[in-house]
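Note that the protein sequences, when read in sequence, are chains A and B.
Start counting at 1 in the first sequence, then tack on 37, and there's your number in my numbering.
Start counting at 1 in the second sequence, then tack on 36, and there's your number in my numbering.
Please keep in mind that the hints were generated in silico from the structure rather than gathered at the bench.
Be careful, since some hints might not be right.
[Stated by the list, open to error] Far from chain B, some chain A residues (derived; all Cβ distances over 12 Å):
1) Ser-82
2) Glu-144
3) Asp-151
4) Asn-157
5) Gln-165
6) Leu-166
7) Glu-168
8) Ala-169
9) Leu-250
10) Asp-253
11) Pro-358
[Unchecked claim] Simulated restraints on C-beta separations:
12) A:Lys-116 x B:Ser-199: 55 to 65 Å
13) A:Ala-114 x B:Gly-197: 24 to 34 Å
14) A:Asp-164 x B:Phe-265: 35 to 45 Å
15) B:Phe-169 x A:Gly-96: 51 to 61 Å
16) B:Leu-263 x A:Ala-114: 29 to 39 Å
All C-beta atoms in this analysis are idealised placements derived from N, C-alpha and C, irrespective of residue type, glycine included.
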Amino acid sequence: MSLDQPMGTVNDVPRTAPVLEVQDLRTYLYTRWGTTKAVDGVSFSLGSGETLGIVGESGSGKSMLALSLVRLTPEPAGKIVGGRVMLNGRNVLDLTDRQMREVRGKEISMILQDPQQSLNPVFSVGDQLAEAIRVHDRDLDDKLIHERSVDALKSVHVPAPERRLKNFPHQMSGGMKQRIVGAMAMAYQPQVLVADEPTTALDVTIQAQYLRLLKDLQERTGVAIIVITHDFGVIAETCDRVAVMYAGRFVEEGPVEQIFDHPRHPYTRALLESRPKVDLKSTRLQSIDGQPPSLIDLPIGCRFAARCAYAIERCLAEYPPWFEITEAHAAACWRSEEVPWPSP
Amino acid sequence: MINAVRGLLTLFAVSILVFSLARLTGDPIDVLAPVDISREDEAALRERWGLNGSIWEQYVSFVGNASQGDFGPSFKYPTETAASVIAERLPASISLGIVATVLTLVIGVPLGILSAVKRGSWLDRIAKGLALFGQSVPEFWLAIMLIWFVAVRWNVVPTSGISGWQSYILPSIVISVFGIAALLRLFRSAMLETLGSEYVKLARLKGLSEFKVVWKHALKPASIAPLTFFGGIAVRMLTGATVVEIVFAWPGVGYLAYEAANARDFPVVQALALFTAAVIIIMNLLIDITYAYVDPRVRLGQKAIA
Ligand SMILES: Nc1ncnc2c1ncn2[C@@H]1O[C@H](COP(=O)(O)OP(=O)(O)OP(=O)(O)O)[C@@H](O)[C@H]1O
Ligand SMILES: [Mg+2]
């Protein structure tokens, strides 16, 4: 994919009421060394059938954001200290633990970052899948559960599902485990699916297959998907909109092709430029000079300013507000309206 | 299968060791017979205890007899065989061993699990203190302290020997303290690891109850590592805890080992050593079988259908 070609297929997503609306979410980790502001005021909304990509360097808080949505931040360090997560019209942060368990898997599911480690090594795949199917539907008898398990595996194109159910995780390839985890996540046809780095552990062809599978599931069920990744290639293939995350905050958000063609935040541009020219394999985005700030000791101004080639005094002194570029595209940069920035 | 063969080889090595150790301290006949024994009497004694012939002949007949449970008559109690001396003492050790094992499991395992689940709580702190105490306190000291306070001063339980179920209380506590501490620590650290794993996160993501998450998804994989250690505990308990049996004058095989060694009662010592080795080997086999049950990676081994 080149930056010049418009990409992304769906632009006109029907604007119904969002299934997920996150407002000013803050998740802090209280550690021995201080308070890590892993998620520090993130807002976005997601409509049914829509796919939002979240990109950012390692440690920018993407996984913490995802885990916050299902209230599974690491214990006891992680605390959601502010904001709202409106799912189907109610704030999941206000739910009791029991109500929250009802929501997990049924209204919102998540595929974890590491599929190799996501299945329990000592239980069969069938056992673990049956659990996911039984959990919100206790009256199902064993025969029905078996049928549904087979169907679930078929829906993610697992060959010989009957036999696979008896297998243990160590008998399966990474791609197969990834599918199984996907089948579990989709067992109840949730309205929201969060896929944390769905492809990093897989090789390129399997990656492509898996992404197609996710899109497939989306077309069939209308699930809204959040894809977390380092890889702009994945974003281009799967997402309608993309949010760029830096040091616990979103710094730019908009439709995929607008962001790709006209990035308005220097960080987004740097990320795009750091992509390998030949899109063969996903890369970790490490080629930007300098380090992100410590999430424990954040600057008062723009968090990217120290690494930014275009930073002015104001950037260091004041955190930039959102600047709306088009109706759907906004960037948190004092100079977002001065594009093109002077080349250094 | 391989383990069974290895077990037999180990047993063979132990038999050589046991046989030669008994002879290292000199000709056993010197201990058995009075200094002024007549030649005929000595010959009769040698015949009776299998001490004639070359060292090889002695070994062969020792192994031959031992494999049928015959270790010859006891030196100390010449009217009984070594095997019957041990058999008499075994029930006392085994019953104490079972009580102590149950105590160890019932206290050590749940405490380890709960202290991991409630990490940092007061329960966790108490458990950690207990683990430190249990692994550092010398057995004989603990035994003597307990006898002094509980048995002598407060007169709650008998001081020694077996006289009713109360007699089991103190010795089983002393025996199990180390095992409780060890299992507690092993389960705590194994549970901390599995509780932080991705598959436990996924179990929660599915909407499973905390009960299932902890007692199914975290516990089963966490119990793999402590299994090995549990084999050691069980062996020690079944073959008699010598120190504890001595302090409590407990008429078990641990105490017998001490008596027999003191009396240079070689047939009994040899029989005990081989018995202990056999228990260890059988225990290891049982542990292997349990492993295969708990851990499917062991069960199916190479037969993975990738
Ligand atoms: N269990 C934890 N305890 C304390 N701090 C943590 C924990 N997990 C993550 N963090 C910190 O939280 C911050 C955000 O981490 P997060 O895992 O969300 O990053 P990420 O964007 O998902 O990175 P990656 O792309 O590498 O997955 C990091 O600074 C990290 O060091
Ligand atoms: Mg992550």
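- request: May I ask you to check that Ala-169 of chain A keeps its beta-carbon over 12 Å from the closest beta-carbon of chain B?
  value: 5 Å, violated
Distance restraint evaluation - Ala-114 of chain A, Gly-197 of chain B, Cβ atoms, bounds 24 to 34 Å: Violated - the Cβ-Cβ distance for Ala-114 of chain A and Gly-197 of chain B, about 54 Å, lies outside 24 to 34 Å.
query: Would you say the C-beta atoms of Phe-169 of chain B and Gly-96 of chain A sit inside 51 to 61 Å of each other?
result: 41 Å, violated
field: Outside-interface status for Glu-144 of chain A - nearest CB in chain B farther than 12 Å
entry: Per Cβ check, Glu-144 of chain A is inside 12 Å of chain B; nearest 10 Å; violated.
query: Can the suggested window of 29 to 39 Å be confirmed for the beta-carbon pair Leu-263 of chain B and Ala-114 of chain A?
result: Between Leu-263 of chain B and Ala-114 of chain A, where Cβ atoms are some 31 Å apart, the hint holds.
- request: Given the range 35 to 45 Å, decide if the beta-carbon distance of Asp-164 of chain A to Phe-265 of chain B lies inside it.
  value: 27 Å, violated
Exclusion check [Leu-250 of chain A not at the chain B interface, CB over 12 Å]: Consistent with the label, Leu-250 of chain A stays out of reach of chain B, its closest Cβ about 18 Å off (over 12 Å).
Asp-253 of chain A and chain B, when compared Cβ to Cβ, separated by more than 12 Å: Fine: 22 Å to the nearest Cβ keeps Asp-253 of chain A off the interface.
query: Does the claim that Leu-166 of chain A lies off the interface hold, with its Cβ farther than 12 Å from every Cβ of chain B?
result: 10 Å, violated
- request: Decide, holds or violated, for the assertion that all CB atoms of chain B are farther than 12 Å from the CB of Ser-82 of chain A.
  value: 22 Å, holds
task: Evaluate the condition: distance from the CB of Pro-358 of chain A to the nearest CB of chain B exceeds 12 Å.
output: About 35 Å separates Pro-358 of chain A from the closest Cβ of chain B, which puts it past 12 Å; holds.
message: According to the definition I'm using, a residue is off the interface if its beta carbon is farther than 12 Å from all beta carbons of the partner; does Asn-157 of chain A meet that for chain B?
response: It is violated; Asn-157 of chain A is separated from chain B by about 4 Å at its closest Cβ, not greater than 12 Å.
Going through the hint list in order, the structure does not satisfy hints 2, 3, 4, 5, 6, 7, 8, 13, 14, 15.
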